[in-house]
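So the sequence lines, in the order shown, correspond to chains A and B. Just so we're aligned, residue 653 is where the first sequence starts under the numbering used here, counting upward by one. Just so we're aligned, residue 507 is where the second sequence starts under the numbering used here, counting upward by one.
The hints are simulated quantities; they were obtained by calculation from the structure and are not laboratory data. From a predicted model like this one, the values you see are computed outputs, not experimental measurements. Accuracy of the hints is not assured; some may be wrong.
Stretch-level coverage of chain B by chain A, calculated; a stretch enters the list once three of its residues show a Cβ under 8 Å from a Cβ in chain A [stated by the list, open to error]:
#1 539 to 547
#2 604 to 614
#3 664 to 677
#4 702 to 709
#5 752 to 764
C-beta atoms are modelled at their ideal positions from N, C-alpha and C, and glycine is treated no differently.
Below, each chain spelled out in residue letters.
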Amino acid sequence: MEPTRNSHATLVDLLDRVLDKGLVIYADLIISVSGVPLIGVSLRAALAGMETMLEYGMMTEWDEHTRAWESEHRKKKEASIASGER
Amino acid sequence: MGLETQHSDAPGVETVAEEGRYLYCIADAGEKVSLGEIGIEGNEVYTIPYSDICAVVHHCPAQPYHSDDPEVVKAWVVTHQVVVNAAWGKWGTVLPLTFDTIIKGESGSTAEQNVQDWLKQEYERLKGKMEKVRGKAEYGVQVFWNPEVTAQHLVETSTGVRELEEEVATKPRGLAYMYRQKLENLIKQRMETKAEECFEDFYHRIRKHVDDIRVEKTKTAGQDLQMIMNLSCLVYRDRCAELGEELEKINQMEGFSVRFTGPWPPYSFVESA
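Bound conformation, chain A alone (with noise of 0.2 Å):
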């Protein structure tokens, strides 16, 4: 299958990507951004027909878990890379 990146299907994926991600620069020469998370949170908020907000439902638990079995299993694999065993 072919990658898209059609500017409407996709402009939840542009949102997650340029709010939620990014370089984040920790500096005193950078201006205090404390608005951001905000901007992100109505941005969303307003946009919620498009499902763009996180739910909580039945798949919570399940969630976090793949999660922390990737984290694990990344930790591992570095840890091996590390040790030269790969």
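Given chain A's structure and the hints, the job is docking chain B onto it.
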């Protein structure tokens, strides 16, 4: 850089501090060029170089962009991405900044100078991050299943579930209700196990084709779809097709579907500096 200090009656810190530079990304090029008036609110986007890297910026007041109108914010965010994308296309390797990152002028030095000092100070780390993402792009991979199809499949194939279902039919009404509850719980439990198995299986299959993976939180999907996996993948550009083939196999499985988005600049693989 005359602008910041031209008010002779107030030659101090204050005038300098009012200025800022909005940062879109750090690019792998040491040139000073203009990308035209493609920035947020039509601002001219240009580069501030240090050595062989540069910051892609526009000139702005030293205060964060803020609006209560989601349409306005949406337009800003989309423009941010348009600029990052233009730089990505032009120079091939970029480190995208998160939205609304502004470097200010401070205690006698201009915003422009501060950007340059910051590039200098972080140079090694920035170059290291660029090496990590060079020649690669980010793709979003989301796997969904149809819970009804999966549940039906479980009822048909899983012995415990099928037997319990048969039992429900033989019970008088009051008891049947209890049994149905029990059945629902069992199906739910089995589905979670199944989702975990699928996750691990797909993860290993996808991992083979990508350079790095971030596991994101799953989100609510449409009515008859449930997201069981949400990944950001860092992929060598020439391996995108093989990843697509692997995803197509998952997409073909009954009750499953895959959403494959990108290429994105590597937002999920640059982290903090």
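How the hints compare with the structure:
1. 539 to 547: violated (count 0)
2. 604 to 614: holds (count 8)
3. 664 to 677: violated (count 0)
4. 702 to 709: holds (count 4)
5. 752 to 764: Coverage by chain A holds for the stretch 752 to 764 of chain B (4 residues, Cβ < 8 Å).
The earlier numbered hints that this structure contradicts are 1 and 3.
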